[in-house]
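Enquirer: Residue numbers (numbering that gives the first Met the number 0), protein chains in the order written: chain X, 0 to 288; chain W, 0 to 528; chain B, 0 to 324; chain H, 0 to 315.
30 Å max Cα-Cα, derived BS3-like pairs, lysine-lysine:
no.	chain 1	residue 1	chain 2	residue 2
1	W	K268	W	K227
2	W	K20	W	K212
3	B	K129	H	K225
4	W	K363	W	K346
5	W	K20	W	K508
6	B	K12	X	K25
7	W	K227	W	K185
8	W	K344	W	K456
9	W	K143	H	K51
10	W	K263	W	K66
11	W	K66	W	K466
12	W	K482	W	K466
13	H	K225	B	K173
14	W	K181	H	K58
15	H	K58	W	K119
16	B	K12	H	K225
17	B	K124	H	K225
18	W	K388	W	K456
19	W	K97	W	K143
20	W	K263	W	K528
21	W	K82	W	K482
22	W	K185	H	K51
23	B	K124	H	K235
24	W	K119	W	K181
25	W	K181	H	K51
26	B	K12	X	K22
27	W	K268	W	K66
28	B	K12	X	K19
29	W	K119	H	K51
30	W	K346	W	K456
31	W	K456	W	K358
32	H	K51	W	K419
33	H	K235	B	K129
34	H	K58	W	K185
35	H	K58	W	K419
36	W	K466	W	K456
37	H	K225	H	K235
38	W	K119	W	K143
Keep in mind that the hints were calculated from the coordinates and are not lab data.
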Amino acid sequence: MATATLKTSRAQGYWDGVLKRLKRDKLTLFCAGVLLLMLIVMIAAPYVAPHSPYQGSMIRRLKPIGFPGYPLGTDELGRDMVTRLIYGGRLSWTLGISPVAIAFAIGGTLGIIAGFAGGWLGMLIMRVTDVFYAFPSVLLAVAISGALGAGIFNAVLALTLVFIPPIIRVAESVTTSVRVLDYVESARASGAGAFTIVRVHVLPNVLGPIFVYATNLISVSMILASGLSFLGLGTKPPEPEWGLMLNTLRTAIYNQPLVAMLPGLCIFTTSICFNMVSDGLRSAMDVKS
Amino acid sequence: MRKLLLAATLSLVAVTAQAEKVLRIAMTAADVPTTTGLPNNGFEGMRFLGYPIFEGLVLWDLSSADKLAGLRPGLAESWEQDKADPKTWIFHLRHGVKFHDGTDFNADAVMFNMERFFNKDSPQFEPAAGGITRARAPLLASYKKIDDFTVAISTTRPASYFPFMMVYPLFTSPASFEAAGKDWAKVALLPAAGTGPFKISKFVPRVSVELEKFDGYWNKSGMAHLDKVVLLPMPEANTRMAALRSGQVDWIEVPPPDGLESLKSAGFKITTGSYPHVWPWFFNIGATNSPVADVRVRQALNYCIDREGLVSLLAGTAEPSVGWLKASDPNFGHPANHYKLDPAKGKALLAEAGFTAAKPLTFKAMISPSGSGQMLPMPMNEFLQQSLKENCNVDVSFEVVEWNTLLGAARYVPDSPNLKGSMVINVSSPSSDVSVMSRYFTSANFSPAGFNFEHWKDDEFESALAKLESATDPTEISAMTQKLHERLVDNPPWLYIVHDLNPRAMSTKVTNFVSPQSWFIDLARVDMK
Amino acid sequence: MSALVRVRDLTVKFVSRDRTVHAVNGVDFDLNQGEVLCILGESGSGKSVTLRALMRLNPPARTVMTGTLQVGGYDIIAASEREIETIRGRSVAMVFQEPMTALDPVFTIGEQITETVIRHEGVSKAVAHKRALELLDLVQIPSAERRLAAYPHELSGGLRQRAMIAIALSCRPKLLLADEPTTALDATVQIQILLLLRRLQQELGMGVIFVTHDLGVAGEIADRISVMYAGRFVEEGSVRDVMRTARHPYTQGLLGATVHEGMRGKRLTTITGSPPNLASLPAGCAFAPRCPSADAACLEAVPNLDGAFGSHRARCIHQHAEVLA
Amino acid sequence: MISTIFRRALYSLPIALAVSLFCFLLVHIAPGDPINAILPPDAPADVIAQVKESYGLDKPLPVQFGIWLFHILQGDLGRSLATGRDIWPDLHSALANTLVLALASAAIGFPLGTLFGSVAGAFRGTWIDRLAVGIAVAGVSVPHYWLGMVMVVIFSVILNWLPSMGASPDGSGAWALDWEHLSHLVLPAITLSVIPMGIVTRTLRGIVGDILNQDFITTLRGKGLKRGGLMLHVVKNAAPQALAVMGLQLGYLMGGSILVETVFAWPGTGLLLNNAIFQRDIPVLQSTILVLSMFFVGLNLAVDLAQALLDPRMRR
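Just chain X, same shape as in the assembly (with noise of 0.2 Å):
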């Protein structure tokens, strides 16, 4: 118990240490006050969004940047851009978020339990997981929702499968390094169960590290998906996405390039932004700096 107790503290300790180095991180605050200006303006949608996502018009069709009424234009069917836009993100930042909270679960779970228990179970997690590690991940993402067919769900689990051996590995080897630590041994050897011994020894060391490599994965997902619905295997019209939306504005590339370019623009900030938060997380866990 005793040990316990020290652990919780020295952890207070270290997420203080983190936050501080956060809090001077200009950078990795700045891009996280744009992901958060963000969600807030997609949660908000329905109240900021200048006209109805799926109103469309014959007569306004591809307008460009700054037409009157609409300050980005419109899309292929006449509906306004911002509105797109702001509903677009929801689903693509579900897209890119889901998959991987999805797989954190799991392959986080999956990649714990391997490394703590080793033996046969181990092995057949990891060997599993190096059956999914012969594939490059875009062609696994293609592969996995071309045969089941388009739509979110399909594309979530196509992406989750795509994220969980990668997690499974990273969890695996982090679990596997602070197994061996001298206090998990000892408390071993005091004759802590199993479940106590990777609640309380385990679980507070490993989560950190396997979710900041998680984090890194929201970008990746977030391309993939946009990927996805590009070949046309990911969202449903007429439901905005970020990526369909790149999709169908396509062809007008020669009529309203700016237009044509936005929901790229927009997959590219947001990307950015979410590795630059996920690398700041990463070093200002990272003890050593």
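Once you have looked at the hints, place chains W, B and H on chain X.
Expert: Below, chains W, B and H alone, put in the same frame as chain X:
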């Protein structure tokens, strides 16, 4: 060393090519259609790797842009229905026709190819080509050689429109099969020989195919003007457009509508032409509790969509469809319903069928993000969704599946779980002649056995078709055709949306191209400056 | 003959965006040719930093040094990067604590010795190789030829440290710096390495500065001892004086906490508390918070390093001799 | 050493098999039917049944998989359902094209990434570091198919400097080392190189930074080594890990070019796979994925080997 040599030869070719007239065409197919004489990739495959190289006994008459393409004699100089047996047709073959490999075309060649398509026990049986041909000529029952230049072909039942089915079996030189060691897969890599105005001179799998003018073509008035045609598969519309604009090709199939304006201003020609193509929604009439089982609902929906708006979305590359045939077609007939946007009428019909503001009509449509002949399915369907909602308060949701899956769905039975409850599927289709009509709409062809996806059954239609099949008098045939079509309009199995206008974009160097009212074109007539 | 090393009021600060660490706060000492000084202290006392300062090896971007620092006539603080590179390895060489990490894992021992020789003496590879063989003999590594071709991980800890010493001696330096060179080794090997160092020092007549936290080791090898605490020398004197009559409570605490001869029959004691935070040092005696005999006066100013015993001095206002019999 | 390689090679076999099985199942759980790639949509049921029979598609799945495996073991990849042709020649040329593209991208991305990463690692915390990291993050964050489209508009359509699609002029398919051919490679290779460039930058920054923090660097400085001598040590220490990352990235380039190949109509494995997926051309899909993943596994093996050669600690 080999590479160097190759580069040297290539640059040599490039030099000599300046004197030659080489037309480079970007197709929409994802792959080069098969080259053995009966191409895959649907009618686009037939358009580019079928008719220019291989020919049928009967051919499409593609000389006029003003009327729906009819038939003309091909490898058969003439044909007639056997007076004694209306199920048998006698074809008199053309003399003096040579395949590209120099061998003669004769009745033996016809029999060889018939066996190739229809007899699965023959050494030359080619399953894919056979399947395609059997699907397009389902009435064909048997064939026999009468003499070296006469063959008899029988049908399962008398059908006045049978010659329309004989445009599809194409003829490949039997010698080319022998030369390739009796293996069609090897024929593909080049001894393939047809009788058409072009021969295949080079084939790079999945990349390109090159056609060369055939100097020994039998039809001296139909000789090719071009020296070479290079066909490139480019499924992405933007890739095609960029390829045209950067001068990599001279001609692209189906430029994206939103790119037309910029192509025009960049100095490219846009050609459009009416042809027998419908972009519809198929109604799932046979499903349990189908809301579209009620004919009033189907009519109502035909009054609720803004076809003109859709045409403007497509930048004029389509025309409104108010029936299976175009309104200008002599066989259109005089149906009671004249579909146009009429929300009041649509709402009234819906109300009669029990769908009101309190209980709006709601259903699901299965669509695909792309597909051959599908035009711009996503924005078009989104537009229809909006239009139905605005005009008649109809709620449509989409089940988006990939094109191959959608094609498969068209053969499911109405209550199949694979349809995911869809009451509508969006598959574009040809509407060229009665033979196609019979394949799509007779109750004998209910899915899964045939292509009557809707399980649409109309007694008047069936009896008119029976009369037409056994008729020989052209005026009777025409009257019955009109009758058939009237039924298709008044008791609509489909939501008629638009007819494609088959847009093409080409450089100004390309001359002499007319857009015939057909899925096919006559490449031999095309020339270049 | 002037002193080999002359250090006056040396301070070393590590400056980063969030804080400044005062690692060394005014150190003075001289070292003559052939003399062995041992700097004794806990980890974090600034002893390693002082040692590295002598070669300007602390991280260049963050380190600020002031004071006077002369080694073999060179002004280390003012020297150009080029000069420093010539001094390093040639006039001054260093042996590190952990030979496993201090040696480049992907280069053979031979490569690591010869590159130093070639760097400083510009000799051919063959000559350098011959020198390397001699050096391995000098540090008593058997089957030298084979060991030259070995990678660090292929050697035992003792052999690795001998190789490390060989590298340090490769250009016959006048001053050898040793940073806890025996800490990472087994006890038996420790003695061998200490004896080797002592022998080499005498044979080659080098000045040696030896950093350790181990009193026993210090007694074994040093002529003089300086005890360091919180970046300052708190006591200095000959080995005999410091070991026998420690004057600073901290030194006394260290001695009390160590097993050594003359301790028989006494209880081991410990120093309570923990070392001060070098980012915010107290105004007075840095050891006061842990000192059993501290009073208010201790907190007023940093005591001077002096005493009435000639060269044996301590930085404590209450200093009194506790003779350990 | 040799036995390790042998063991690793053997170990990759079951992986390849599992991969094939996975592909096989993947295609079969999908709703689409390979028959749609062969026959027109309105084919009657009996025609469908007959064609299925002649392609063996009517047999139970395990039997189909068994037959396929049996042929694979004999080195026969089979024939495409869609084209009826042997798969190997098509796959062979597609692999060659993708390899050309992957190598070109690697030739752009790896040196740039190495440069940016090393410089960033050596100058951690400075503006140089931040600039390099910025470029790297931009590289991994940009939707590269979008970048490809934008580049086509600028360089092919507006400026007309470079071709927009295909691997060779006039679709001749042959490859040669002249500007005509290289010009086709430029845009897709650049597009594809941004991701490995970013990843290599990030990794090398970490590796170089770590190495520079190692104790032995202090030793080396203590020996008076100059910057050049120090660099040699850094390079030799970084090489094994850097190589591993690059090997993995080359593998990803080989298998991950599907979107870029689609945008540029580059006749490589990505396009082949894309078609195979959408046409449900099972034999092509299985063979391509099998060959690609074997390539991937082989590449990993080669990387391990090279790593062992470069890193004495890994030699056994």
